Each structure stands twice: as structure tokens, then as C-alpha cells.
Amino acid sequence: MNRGFWLALLIALATVALVVAGTLWPNISATGTADAQAKLLGAATSPTGAVNNLLQQIARHNWSSAYATLANKSEFSESDFTRDLTGNYGSLRTYAALDGYDVHPLRASSDEAEIRATLHWASVVGTFDDLRDLHVVRSGDRWQVQWPVVKETRVPPQVIPVNYLRWDVIYRGAEDDWGAQDVEAPHVRIVAMHPVDRAGQVVIMGEILNEDVVPAFVTVKATLLGSNGNAIASEDSFDKISHILLPKQVSPFRIDFRDVRLSQIDSVRMQPFSTLVPASADPVIGIESQTLHPVPDSSLTGQLVNQSGQIVNVAHVIGTFYDHSGQIIWVADEYPSRALLPETPVPFEISVPADVSSKVGSYRVIASTFSSSRFQ
Amino acid sequence: MRFRTPFLFALALLAYSVSAQSPQLHFPQRVEAGAAFSIPTSGSGAATLYIVGPGGALRRKIQLGTSLAFGADDLPNAGHYTAVLVGGSSTQSGQFDVVPSKPGRLSFLAKPSRLPVNRATGISGVVYLFDRFGNLALDPQPVSFDLSDGSGRTQSRTQASRNGVAWVRMDSAVKAGPATFQASVANVREKRIVQQVPGDPCSIRMTARASDQKVVLETDPIRDCSGNAVPDGTIVSFTETYQGSQSTVDVPIKRDVARTELPAHNGAVISVASGIVMGNEIRWNGGL
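Sequences listed follow chains W and H, in order.
Counted the way our numbering counts, the first sequence spans residues 638 to 1013.
Counted the way our numbering counts, the second sequence spans residues 519 to 806.
Note that these hints are calculated values from the structure, not bench results.
The model shown is predicted, which means the values in this text are computed figures rather than measured ones.
Note that the Cβ used here is the ideal one computed from N, Cα and C, for glycine as well.
One or more of the hints may lead you astray.
What the hints assert, rightly or not - Just so you have them, the derived chain W footprint on chain H, three or more residues with Cβ under 8 Å:
{"no.": "1", "segment": "673–686"}
{"no.": "2", "segment": "749–761"}
{"no.": "3", "segment": "765–779"}
What the hints assert, rightly or not - Each computed DSSO-like pair below joins lysine-lysine, with the alpha-carbon atoms no more than 27 Å apart:
{"no.": "4", "chain 1": "W", "residue 1": "K710", "chain 2": "W", "residue 2": "K788"}
{"no.": "5", "chain 1": "H", "residue 1": "K693", "chain 2": "H", "residue 2": "K772"}
{"no.": "6", "chain 1": "H", "residue 1": "K772", "chain 2": "H", "residue 2": "K732"}
{"no.": "7", "chain 1": "W", "residue 1": "K788", "chain 2": "H", "residue 2": "K772"}
{"no.": "8", "chain 1": "H", "residue 1": "K732", "chain 2": "W", "residue 2": "K858"}
{"no.": "9", "chain 1": "H", "residue 1": "K629", "chain 2": "H", "residue 2": "K709"}
Using the sequences plus the hints, can you model the full thing?
As C-alpha cells, this is what we get:
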């Protein structure tokens, strides 16, 4: 027999051995994989095992099974539990999937334990974390989780009269003469711009103002030019901007250029683009209790309050941070995972890099909204 | 019968080669586009007339010795034409120009369609003069421009066209509202509407009053420096700063005022702004 045969035999045996080992002793580590297709669940014979089981059921959207394992089922209904995880009113949570989780035991005794679970949800606008401190109690030879349910506020049925503003646009028709008048694009202006070198990339930050009396859909294009005048790279603002600007409204923007250094750049060409679009002036969002937290948890927190009667499914919060001289030093954003119900505060937290946090002299926060019934 | 075929080029070559060695047809030197006219012909018998010009060619069977008549609209395109009359063994040729007729249509470009009030030379109007066949009317013509605003005030200018184009710059009015911008040549008119909109707020003044646990903020009617009400929908930003924490809300103006509620904190400083215009500042002391 040749050497190839023995090699093939060795690989086959190793494969069988690994499959058997993986089946008998599945990997249950502190970092969950939240695999919805996973067949194995660990035994709830330990606090960590009970939490892992629960989070695996949640990852599979197996709400009934997850609810059945809880120790404090009597405190809330299964629908309360499901709404806590999936949100309500078509919020970001409704369309998110549990992508993974971290489990960290905080303390444990023979009958109870405290475990901190960080659930990593994946959504269409990126990931968001949901941190829960879980109390786990022994029940016979099993451990059960007491779920700290967050009961979503329900808006009582009511009629809220709204006198809202809206702009509609009629454009020139295709059959009109070339000299016929068309509606003018909104006049927008970049009122601030600051390029910085950060983490191996060039970041262009600034602010754009709609100085017109009509709503505008805006984007900003930045082109980096080298010393010979050639374009090195070109990017559009994408998610770090509020694209719909009402009259006299200002939005920050941030454009990241990967793998480019500021030393390579001679100048930056900025091009604001605007289009006249139908828009509504509502809903009005109050951004209350904005507080900048220093390191180590450098962040900007606050609450969004929907001052209108319309339910906002998804909100986008963008923070602009200035140094003591008024120069923009950072632009960051966050999508709160819950819907904004009328007059119901929803917390938000925008992470701020530690090195930026120490330089912040002032900041400004804006919120843009998406409602399923219409855009903006 | 009129041709618009690939044979046009060949026909033109034929016409030119013949015209160089033939007795001349006596066309008027300049014919107005769309005008009817006639020319005499000599000889006898049947003949075929070819006319080649910009954008087309014309072929017509005629009897020599009679007048060759062209009806209105037979030659609508301005430009240089060559005519060749082929009859039996003889040919006659002639050349003439068709010039644009009097202006019958204006292409009027008024820019911008929307601008703030009180802008000197902020409105531009450009007129292209065409006759009724779409030929650019190159002869100088006096073009009148009139810009009338809602108050009845009218700015008027008259410019002579050059090479078929006339242009003018006008000031936007002090009062906001739609203005009618009209260009006219003789009895041909074209109108455009220019929206004259209020400018930036001139000053913003807000007042505050207590309401439960909130402070109700409301601006006075917001106007620009010409006294025009700033349009509804314009965003006004209220900012409340209290003990290192801040609350903000962007509110659209409704019925000339912006109104909102913020948490009431004694000692809070509340400011108001719209775009790049700052308003007054209030230190909240509970409404006392």
C-alpha cells in the first residue's frame, strides 16, 4: 500500500473522532454563537447553562420555549416577554436577529447567581447591544433565569389631532418645452468642514445647512486631491448624515476614507447635492437630558421624546462634538432599538472615542425619523 | 413632394455641379421663411425643379414658361438654398437665402424660480427669439421684460436682441410673494412665475411660561428684515442647558410662531436659534 492510502485513512479516522467528540462534548463557552440551527442545548444544571439555554431559544425565536424556562413567568405574560425582545410598532428590534451574546457571571452562591448577559443584535443599520443583568435561581436540580422584563409602554387608543405641514412637489413634465420653468433645487451650503487623520484613515466632518424655504434631500461628496491635483479617493456621505433637511435645518456629516493618510492630501473638494423632495415637518422629536459622560464609559446619553402623535418606528440620532474653539472634532450616531411612541421617552447612547471625549467643549444632537406610513 | 432621404447629399452635389454651368434661375436674394412667392421661368415643355436647402429637399414637376409659385410654408427652414430646373436637355439654376420671419415664439429662461426678497440683480431672464417655424430670429428686436410683484410694483427693461438672444437682470422685491416675469416682442409674450421668499429671520424672540413640570416656549411671530413672515416649516432650535445636561428640540414654525415644551429646571438657560441666526436667551426661574 502506498503512503497516500495511509494518509487518507488517517484523515478519515481523525474526522470521525472529531465528529464524535463534538457531539458528545459540545462547546459551550462564555461567548454564545446564537446559532439558530443548533440542535444541542446544554443542561440547565448550572447558572451559565441555564442562561445559555435561554439565549439559544431566543436566538431561534422560540419564544414559548424560552418563556417556559423562566423562573418569574408569573410576573408577566409571554406576549410581554416577546415584545420586550422583539419590540413593538415595527421598531428596529422587530427586524433584528440575535447574532451572539456574552455571558459574564457576576456572583454565585449555591442557590442563586447573578449573570450579566450582553445580547448582540444584528439589524439592517448595524448591530446594537442589549445588556441584561439576569438573576438565576436554583429550582431542584435545575437552574432557572428570572428575566428582567422591560415592559413596553402601550399607547392607549386615542385620536390625536395634528395640524402638520407638508410640502409636495410637481416637477416639469417631459413634454414641456426646454425653456419651460422647473422647480428650483433647494439652496444648501456647507457651513463647516474639518478633515482629521484618525486610526489610519482620513475622516471628513462638517455641517450642511438648508438655507432655503423648502425641504431638501441632501448628500455631500468629498474628493481627496493629491499634490498633483489628481483625485486620490472620492466618497459620499451615507449614514452619518440626516438626509432630509427642513428649511434652516443643519445636519452634521461624516465621510470616512479608509487606507488614506492626511499627509497624502493636498486639498479636499466638497460638493453638496440637494434635491427638492416632498416632506413633512412632523414628527417633532425632543432630545432631552443630554449628558456627556467622561472616560472610561465615554458616551453621550439622553432621551428622545416624540412630541407628535405619530408613532416613529426607527429614529436616528446623530451627535456633533466640538472642541472649546468650536471646531468639529467628531460625528457619531446611534439608532435606538425601540419605537418612539407619543410623549414616551426612549433612551439613547452615542459612543464617543476616549481621546475625543476629553477634548469636547460642546455638542449638538439631532434626530431624524422613519415612520412606516411614510418617509422622514 | 419633399424628401428626407439619404439621397439628399447626392442631390445636393448634383445641384451644385449643375448650377456652376447652367443659365440662372432668378430667385429673390432673400425670402422670408414661410412666405409665398413666385419666379418666372423661360422655355417650354415639362421640367423638374429640385430645391436643396438645410434640413430637406423639394422636387416639383412644372411647365417651363410659366411662373414658378411657392406657397406659404413651402420653405420653412432658414438657410441657403440651391434650386435646379431640369427640363429636356437644358438646366437652369439659382441660389437664394431663406431668412427667419418675424418672431413668433419666445423661449424664456427665468432663473431662479425661487429666491429671497431684496436681492439686487438676483433674477435673470434670457429670451431666445424664434419665428413660427423655429428659426432663430437673428435680426435685432426690442425685447421688453416686465417683473410685477404682488403689490403691483413693476420693473421694466427693454433690451435689443443680438443674434437672436436678449437678456436682463432684475432685482427681487422687498415684499415676498410670487412675481410675474414677462418677456414680450411685439405681440408675442411669455410669462414665468418667480417665487420671492422671505430671507433669514431678522430677530427671534421667545417667551417662556410654566406648565406642570414643563416650560412652554413660544416665539413671537418670526419675520425677516423686510417684515415678511418667515415661512411655516422653517426649523427653530430650542436648547436648554442645565447643570451640564442639555435638551434640544427642532421645531417647525407653524402660523408664524414656533412653540415647544422642555423640562422645567430652575436655573436652566434656554436659547433659541434658526439656521445661523441666534435669538434671545432666557434663564428659567420657575416663571417668577
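Results of checking the hints against the structure:
{"no.": "1", "hint": "673–686", "in the structure": "violated (count 0)"}
{"no.": "2", "hint": "749–761", "in the structure": "holds (count 6)"}
{"no.": "3", "hint": "765–779", "in the structure": "holds (count 9)"}
{"no.": "4", "hint": "K710/W x K788/W", "in the structure": "14 Å, holds"}
{"no.": "5", "hint": "K693/H x K772/H", "in the structure": "20 Å, holds"}
{"no.": "6", "hint": "K772/H x K732/H", "in the structure": "20 Å, holds"}
{"no.": "7", "hint": "K788/W x K772/H", "in the structure": "35 Å, violated"}
{"no.": "8", "hint": "K732/H x K858/W", "in the structure": "41 Å, violated"}
{"no.": "9", "hint": "K629/H x K709/H", "in the structure": "13 Å, holds"}
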